[in-house]
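A.B. asks: What follows is the residue order along each chain.
Protein chains: 2
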Amino acid sequence: MTQSYDELKASPRVLLGPGPSDANPRVLKAMTTPMLGYLDGEFIQILDETVNLLRQVFGTGNKLTLPVSGTGTAGMEAALCNVIEPGDSVVVGINGYFGGRIADIVQRCGGAVTAVEAPWGSAIPAEDVADAVKSANPKLVAIIHAETSTGVLQPLDDISKIVKDSGALFLTDCVTSLGGQPVDLDRRGIDIAYSGTQKCLGGPPGLAPISFSDRAVEAIHNRASKVQSFYLDMTLLEAYWSGEVRNYHHTVSMSMIYALHESLRVVLEEGLQDRYKRHERNAAALIAGATAIGLKPIVQEGYRAPMLTTINIPDGIDDVDIRNRLIEDFGIEIGGGLGIFKGKAWRIGLMGESSTQRNVLLVLSALEKLLAEAGHDLEAGAGARAASEVYAQA
Amino acid sequence: MTQSYDELKASPRVLLGPGPSDANPRVLKAMTTPMLGYLDGEFIQILDETVNLLRQVFGTGNKLTLPVSGTGTAGMEAALCNVIEPGDSVVVGINGYFGGRIADIVQRCGGAVTAVEAPWGSAIPAEDVADAVKSANPKLVAIIHAETSTGVLQPLDDISKIVKDSGALFLTDCVTSLGGQPVDLDRRGIDIAYSGTQKCLGGPPGLAPISFSDRAVEAIHNRASKVQSFYLDMTLLEAYWSGEVRNYHHTVSMSMIYALHESLRVVLEEGLQDRYKRHERNAAALIAGATAIGLKPIVQEGYRAPMLTTINIPDGIDDVDIRNRLIEDFGIEIGGGLGIFKGKAWRIGLMGESSTQRNVLLVLSALEKLLAEAGHDLEAGAGARAASEVYAQA
Chain D
58 MTQSYDELKA SPRVLLGPGP SDANPRVLKA MTTPMLGYLD GEFIQILDET
108 VNLLRQVFGT GNKLTLPVSG TGTAGMEAAL CNVIEPGDSV VVGINGYFGG
158 RIADIVQRCG GAVTAVEAPW GSAIPAEDVA DAVKSANPKL VAIIHAETST
208 GVLQPLDDIS KIVKDSGALF LTDCVTSLGG QPVDLDRRGI DIAYSGTQKC
258 LGGPPGLAPI SFSDRAVEAI HNRASKVQSF YLDMTLLEAY WSGEVRNYHH
308 TVSMSMIYAL HESLRVVLEE GLQDRYKRHE RNAAALIAGA TAIGLKPIVQ
358 EGYRAPMLTT INIPDGIDDV DIRNRLIEDF GIEIGGGLGI FKGKAWRIGL
408 MGESSTQRNV LLVLSALEKL LAEAGHDLEA GAGARAASEV YAQA
Chain Y
58 MTQSYDELKA SPRVLLGPGP SDANPRVLKA MTTPMLGYLD GEFIQILDET
108 VNLLRQVFGT GNKLTLPVSG TGTAGMEAAL CNVIEPGDSV VVGINGYFGG
158 RIADIVQRCG GAVTAVEAPW GSAIPAEDVA DAVKSANPKL VAIIHAETST
208 GVLQPLDDIS KIVKDSGALF LTDCVTSLGG QPVDLDRRGI DIAYSGTQKC
258 LGGPPGLAPI SFSDRAVEAI HNRASKVQSF YLDMTLLEAY WSGEVRNYHH
308 TVSMSMIYAL HESLRVVLEE GLQDRYKRHE RNAAALIAGA TAIGLKPIVQ
358 EGYRAPMLTT INIPDGIDDV DIRNRLIEDF GIEIGGGLGI FKGKAWRIGL
408 MGESSTQRNV LLVLSALEKL LAEAGHDLEA GAGARAASEV YAQA
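Those protein sequences? They're chains D and Y, same order as listed.
Quick note, the first sequence lines up with residues 58 to 451 if you use the working numbering.
Quick note, the second sequence lines up with residues 58 to 451 if you use the working numbering.
Please keep in mind that the hints were generated in silico from the structure rather than gathered at the bench.
These numbers come from a predicted model, not from an experiment.
Do not take every clue at face value.
Pairs involving identical chains hold if they fit within one copy or between any two copies, as the list cannot separate such chains.
The calculated BS3-like cross-link candidates involving lysine-lysine, where the alpha carbons are at most 30 Å apart (straight line), are [to be verified]:
1. K120 - K399
2. K66 - K86
3. K283 - K399
4. K283 - K196
5. K66 - K196
6. K120 - K66
7. K401 - K120
8. K221 - K353
9. K426 - K334
10. K334 - K196
11. K191 - K221
12. K191 - K86
13. K221 - K86
14. K191 - K426
15. K334 - K120
16. K218 - K86
Excised from the complex, chain D in its bound form (with noise of 0.2 Å):
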């Protein structure tokens, strides 16, 4: 049974895939400071100064901000199972894959859902969400901002008005929009939100910044039932994260949250609309340089979400064999399409970190290259040159 592996390499890889995306070195680097208590007054001052950052790169004054110790899905799984109880009504959009996952663990949880649905590649129509609560009275609607299936960023203005008025919390998902585009909390009344430390905030993957407004906050207070989940209880980690004695929930991962406070000083360094734009302009670059090499993206312009673009594969090309290609020629990774989308799309990510003008150039010209090998007639440099335009005309 005894067996022994050499340190492990990793070969230097350019992540444009839906996530994880690269991790800034400097993150890497706070990853590597000595541990602390989590009890020790320095360690204290670092989780108070990271919550005070996520305030900040999630638009909001919520008390209730923390990062829970997993992956965005347990945030994900963390928002859900905190609110709702058995026999509770939830309306869940439903246009990709997390959208379904969000139902699932809201049944999980004994909450009934009323699915509002939409073609995979299309938005949400506010007015379907209208109907919904009117005949579903929920005690919560869930969103996603971007599908990380379908690259759509999802318009939450209109939603978020019908859900205020129904007296519903409004929950949405902004695993994969954080930090790369707005999603203001307060000033759009979202009580729940979540998100992961990877994708567009430029950490490793590892832990679930959460949210919850007042409202959010009373609604778990006032549950009959406990929590289902003892490791992702509201109400005990916030006895931990903001109590005036800071109760003991569990062993939070220091490295993880060295990795977060550098990668929130990051994100406000540059600038959250900065930030937004950055990942705006080189979308466009993108799809402007896929189009001229023949690759349809498949969200309409107007719902595109500019950190994931999803790309149609073209008839007889061989999806698995160009990813791999991709890999092994240029070291670069693109994501295949997730559920329905299995085999039929692509998904180039640019997020955080891989949100720049070189990968755009360089993932243009290794897929125009892959192309033309598999018998494309492409013209050399098309894609890079319509990439170009977009960067000249910024």
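On the provided structure of chain D, position chain Y as indicated by the hints.
C.D. replies: Quick look at chain Y alone, frame taken from chain D:
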């Protein structure tokens, strides 16, 4: 609302509490490895190696062995919520804080708890488990191997036999023991065990290694209801970690996996038997030295967990004051008491990297100095001298 912070700083500490312990510098360095995609062939190989290393430390051939993406408490919850369904009978040994936490989680899963209690600081008597098993006819019996709140190392062999004979599944919490004392899942017939990556494994907190026997896996596959947690659902995690096709479930933390891979390599390079002996030798020296300066261990000889020694705080000594002085004057963290031991006990951890002769002599000298300043009549150097005698004999 805008607020910025400097790069985080952490004073160098000597971590001798109940966790986190000091992380090995090789492990911190491994975390600077850049991200890889979660389906990248290179990353899959690192996952496979990590699982093979984990099996060696757990002493098991269990196929379903992996690190859950959360801290030790997530491991506890995953171990319980995958197996327990509403109405299931569960026997739980409670002789400290963490046994109580298991009972809490069992109840959140809808299970019916039969508690086998013993005083804090004592082990659970096997005959009491036998009585409970006879009356409760449980699906699962859960026992803490090393109680982090009391420092008791629970004998497991007799209890294992009782549980096996009853046909129930046997679960042990190895959060504090794994890597510091033998857990030997297969030899002992333990069906479910979990731990954390910090403490005796010498990594940062953040993942929870877990292992399920084939019988436990069968129990999971035979559930009538879905696992209440999506994030911790082993049937879904299994498909990513060991499926022919690596089905996406969530994006694991590359950095945490890198850290675990390296810390397991460090553990196995030292050798498990040597590592266990190191923990025993340093605990014996600590206890000899502590006794020499008038500090009495709480747990009876023969039941002491060598990675965590609990000490009665002497009358007239201010718990918090002494611990603050240890941090301020020496950079040493020891733990206060948890639960009913609050203000009554100190918990001195010698775990993983922190378990060294240097640290034993240091903490004894520091405590001796502070106790003398508080008016205790001590012969200077008595603690270090008594500890050194233990090392001389070893």
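A.B. asks: Give a verdict on every hint.
C.D. replies: Evaluation of the provided hints:
no., hint, verdict
1, K120 - K399, "between (40 Å within a copy, 29 Å between copies)"
2, K66 - K86, "both (17 Å within a copy, 12 Å between copies)"
3, K283 - K399, "between (39 Å within a copy, 26 Å between copies)"
4, K283 - K196, "both (17 Å within a copy, 23 Å between copies)"
5, K66 - K196, "neither (49 Å within a copy, 43 Å between copies)"
6, K120 - K66, "between (41 Å within a copy, 25 Å between copies)"
7, K401 - K120, "neither (43 Å within a copy, 34 Å between copies)"
8, K221 - K353, "neither (37 Å within a copy, 61 Å between copies)"
9, K426 - K334, "within (29 Å within a copy, 59 Å between copies)"
10, K334 - K196, "neither (35 Å within a copy, 57 Å between copies)"
11, K191 - K221, "within (12 Å within a copy, 55 Å between copies)"
12, K191 - K86, "neither (51 Å within a copy, 55 Å between copies)"
13, K221 - K86, "neither (43 Å within a copy, 48 Å between copies)"
14, K191 - K426, "neither (53 Å within a copy, 71 Å between copies)"
15, K334 - K120, "within (29 Å within a copy, 48 Å between copies)"
16, K218 - K86, "neither (43 Å within a copy, 49 Å between copies)"
In terms of the numbered hints stated before, the structure departs from hints 5, 7, 8, 10, 12, 13, 14 and 16, listed from lowest to highest.
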